[in-house]
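Visitor: From first to last, the protein sequence lines are chains A and B. According to my numbering, the first sequence holds residues 1 to 324 in order. According to my numbering, the second sequence holds residues 1001 to 1169 in order.
Bear in mind the hints are in silico, worked out from the structure with no lab data behind them. Here a beta-carbon is modelled for each residue, glycine too, at the ideal position from N, C-alpha and C. The hints are all genuine.
Footprint (simulated), chain A over chain B, 3 or more residues, beta carbon under 8 Å: (1) 1057-1069; (2) 1073-1086; (3) 1091-1100; (4) 1104-1114.
Derived DEER-like restraints, expressed as beta-carbon distance ranges: (5) B:Ser1049 with A:Gly65: 35 to 43 Å; (6) B:Ala1033 with A:Leu46: 26 to 34 Å; (7) B:Gly1162 with A:Leu46: 44 to 52 Å; (8) A:Asn54 with B:Val1026: 49 to 57 Å.
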Amino acid sequence: MADVSVDLPDREGLFGDGARGSDRGQLLLVAGLVMAVSLVVLVVLLNSTIYSENVATRGIESADGEAMEVRSTAVGGTGELLDSTNRAGPSGHGDAEATVRAGVADLDEALARSYAERGGVARVELVGTENGSRIAAALAAADPNASTLAGDVDRTRGFVFAADPTGLTDTDAANADTDAFHVDLNASAGGSRQVYVYNAPDGNVTVAVGEDGGEPTVRCSVPPDDRVVVDFTAERLGDRPCPGIWSPSLVAPGDAYDVDLINASEAAGEVTVTARPRSGETVATDLTAAREPATYEATINLWYRTADLRFETAVRVAPGEPDA
Amino acid sequence: MRDPLGSGGARFRDDRRAVSVTVGYVMTLAIGAILLSGVAIGVGGVVESQTERTVESDLSVLGQTAAANVESADRLARASEVDRSTDPGATAANVSVVVRLPNRVAGVPYEIAVDDDAVTLRTERPETTLVIDHAARLNVTPATVRGGSIQLAYSSTGADAGNLTVVER
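The whole structure should be built from the sequences, with the hints applied where relevant.
Guide: See below:
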């Protein structure tokens, strides 16, 4: 049998003159070192790639979501507050403002608590309010031929007519100017727009729009229901959008305009509007019994902060105003 | 039967001709050096190519993150201007978004350039440039900053009013 045993090297072999042969091991050492360092670098690169791929597949978290949510909540909450304050029928403008101020303070507290739980600091503060009037009346209370719903105003919001389709006159666009109930938006600087509401020959509740007393154009129609709501400022008929009802020149006009009700006897239902007078605090109207003091708009300061985000702005809140 | 390790085999084992410690030593060193060089060159190439791929991949992810946050800051800035009041006592519109990014990608420093149209990330070694388009509608003041966390800011007042600005965090 072959002898495969190897004698252990003695001290002389390792460290003495005979150790010169072991210098060859340095090459292996260097090679091993290079390989080790390279492998470490590769591992680091691989780790970096895996991390990047992980981050990439996680999706990018949008920074603006919560701030938008805070703004939406604050504006929506303040808008609800304005409307509920006005609906409650405050005894005067001072009373209305005090209610709104207290409500915004409550909203601030609720928002702060809610967003503190998510690591954000939210704050809402009422800067001020603008006064106006809210008029809510049955159409039967208006003059059958012509009456001013809101005179000498420069802003209007939440202008809604809840129509009883059975009380609307039957006509068509060609005869609407003489037969149909309509709202006349009369600008003091010149120009007017008429919005007609009637039952068309096809049986649908129809809205048509005319300019300066000219023949109107049908904008939209819906099948009759118990109540059909025409929202003039939001430009909606029932549950459908009805663009083109409100005149763009009356969205934020520099001059005053009147909102008149014409041929009120040709329709049945209730009309509601909140308006801001061009001057003073009370809107001129022929329906004085239906007029109540109201807060037309509120201005709030809004702050929202997190570790990585700062959002500050001041917002004018007037829910139900027409869009530009 | 013939013994393979017979008298001939014994002679081969005892033969010391053409055997030199020096030659063997040099041969070993030369072969070792060649092998070592091959390993170093091969591994070096792999590391280099992997570094490039990693840098490109990382820049792509960071670029997308930066571009998304530029668009977020843009949306927030425009939201801050919707129905903004300028009444006395009303606060100015201020928006700031911090984007946390690493200082290096795969151990390589980089720089971030932002303008109206895109976010550009660049490294010198390896020379890599990545352009990620963004859809911000506001004007973005062109700026180039070192790689790392950045701050996107907007204000309705001041020298850069109405513009998105980018600064190092």
